[in-house]
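Enquirer: Here are the chains, one letter per residue:
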Amino acid sequence: MTLLYPLQSLAAHPARLSPDYRSTVKRSPQKPLIPMRHTLSELTGPVYGHETVRAHDNDLTIQAKGEPLGERIIVHGHVLDEDGRGVPNTLVELWQANACGRYIHVVDQHPAPLDPNFTGAGRAQTDAQGYYKFTTIKPGAYPWGNHHNAWRPAHIHFSVFGHSFISRLVTQMYFPGDPLFPFDPIFNSVTDEKARARMISSFDLDNTKPEWALCYRFDIVLRGRNATPMETK
Amino acid sequence: MSNPRPDGITPSQTVGPYFKYGLTPNGEYEWNDAFTSNLLTPDTSGERIRVEGKVYDGDGAVIPDCMLEIWQADSQGRFSDPQDQRALPNSSFKGFGRCGTDKSGAYAFDTIKPGVVPDADGKPQAPHIVLAVFARGMLLHLYTRIYFDNEAGNANDSVLALVPADRRATLIAKKAGSGNAYTFDVHLQGDNETVFFDV
Numbered sequence: 001m002t003l004l005y006p007l008q009s010l011a012a013h014p015a016r017l018s019p020d021y022r023s024t025v026k027r028s029p030q031k032p033l034i035p036m037r038h039t040l041s042e043l044t045g046p047v048y049g050h051e052t053v054r055a056h057d058n059d060l061t062i063q064a065k066g067e068p069l070g071e072r073i074i075v076h077g078h079v080l081d082e083d084g085r086g087v088p089n090t091l092v093e094l095w096q097a098n099a100c101g102r103y104i105h106v107v108d109q110h111p112a113p114l115d116p117n118f119t120g121a122g123r124a125q126t127d128a129q130g131y132y133k134f135t136t137i138k139p140g141a142y143p144w145g146n147h148h149n150a151w152r153p154a155h156i157h158f159s160v161f162g163h164s165f166i167s168r169l170v171t172q173m174y175f176p177g178d179p180l181f182p183f184d185p186i187f188n189s190v191t192d193e194k195a196r197a198r199m200i201s202s203f204d205l206d207n208t209k210p211e212w213a214l215c216y217r218f219d220i221v222l223r224g225r226n227a228t229p230m231e232t233k
Numbered sequence: 001m002s003n004p005r006p007d008g009i010t011p012s013q014t015v016g017p018y019f020k021y022g023l024t025p026n027g028e029y030e031w032n033d034a035f036t037s038n039l040l041t042p043d044t045s046g047e048r049i050r051v052e053g054k055v056y057d058g059d060g061a062v063i064p065d066c067m068l069e070i071w072q073a074d075s076q077g078r079f080s081d082p083q084d085q086r087a088l089p090n091s092s093f094k095g096f097g098r099c100g101t102d103k104s105g106a107y108a109f110d111t112i113k114p115g116v117v118p119d120a121d122g123k124p125q126a127p128h129i130v131l132a133v134f135a136r137g138m139l140l141h142l143y144t145r146i147y148f149d150n151e152a153g154n155a156n157d158s159v160l161a162l163v164p165a166d167r168r169a170t171l172i173a174k175k176a177g178s179g180n181a182y183t184f185d186v187h188l189q190g191d192n193e194t195v196f197f198d199v
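Residue numbers (the numbering used here), protein chains in the order written: chain P, 1 to 233; chain V, 1 to 199.
Honestly, the hints are just simulated from the structure, not real lab data.
Please note: incorrect hints may appear among the correct ones.
Said to hold, decoys possible - SDA-like cross-link-like pairs, simulated, lysine to any residue; straight-line CA separation at most 25 Å: (1) K31/P / S158/V; (2) K31/P / E52/V; (3) K31/P / A161/V.
Said to hold, decoys possible - So these bits of chain V aren't anywhere near chain P, every CB distance computed over 12 Å: (4) P42; (5) S45; (6) E52; (7) K54; (8) A108; (9) A152; (10) G179.
Treat the numbers as computed from the prediction; the structure is a model and nothing was measured.
Glycine included, each C-beta is placed from N, C-alpha and C at the ideal position.
Based on the provided sequences and hints, a complete structural model is requested.
Expert: Following this line, the structure appears as structure tokens:
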């Protein structure tokens, strides 16, 4: 199977210079990017062994001696290519703040408690059909210094690989109905409303575990399209 | 089983300032590294090299919260990916590395000098490593290429040829002293802005 990576698909991404998110001003290139034809260097990508993901790496609630505080949730979904085909055996990495909106990173010193039973890092490999699943704690919103009274909507960071080095994606999963959406310059750096909506998980009652955990579904669509699409007539 | 065609890809968002404990813990957090900056295994064949440098923003300040990822062929020019279907000897070299910058904005990869890989027309490219750059303040990562000085193939490389001559030097790692180290700095902006590719 040969995959193509049309540049038009990149239109969904935010502009690198998005001045409302202040840090972009000095960290985005000012000279034009150079277009080039893809070679094998771009069209291939890393393959990881089973040693990369250990059993239980996808359950962030059992990594410590005790249980973390907060609302236990299941986050699952389908990693797809642009044709809607599942991306099997690909690595999905996740990191997030705890229920109080505090990261264990040493630079995060905002006055909310750390949870000794929650690290906030997880890892999974998609199955043969492209599905992944995590058990974690719903992260809290947190303040940041971008502008007066700036708060990030609750989110989970995702890092995904896909079929090639140029299908690589780092993104953030948001929760439905967050009142902070209109005020967040990172979320709104994606200017197309439909594209923004693809970063918001959906509440999944069917896969909610009674007496145990609510469930959210987050499908991730990566670059990659079949060079010879099947006739669908 | 087929799904409806999605109406577009999932947009990128910044890696943010707090990825270290999840992506590049490097012994500082209680989480294991999926990938490291050392691509070498005892049986890796080829010329062992170190590629090192610093990452700078538009003010010329170092970026201490940057993540770099590299992807490259082995010394025979083979990628460790079944999508590389050329008949080349198998190799244990994985070709992928990840490194977070330190307080001084510095990174280093221990790897091998890659072999020759064909371009889109099947002509040989000069040895190169593909580099992806992620950081807070970057809503979408950037791609560039690390070439090596003193490589005769650079003069005929079809990708380098696309780059204005006065900017090509930003893509060439310079041999640092007499050892096996090459220096490759990344400037996200400014007079020495690194050439990034629209791929």
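Enquirer: Quick one: which hint numbers does this structure break? Sort them smallest to largest.
Expert: No numbers; nothing is violated.
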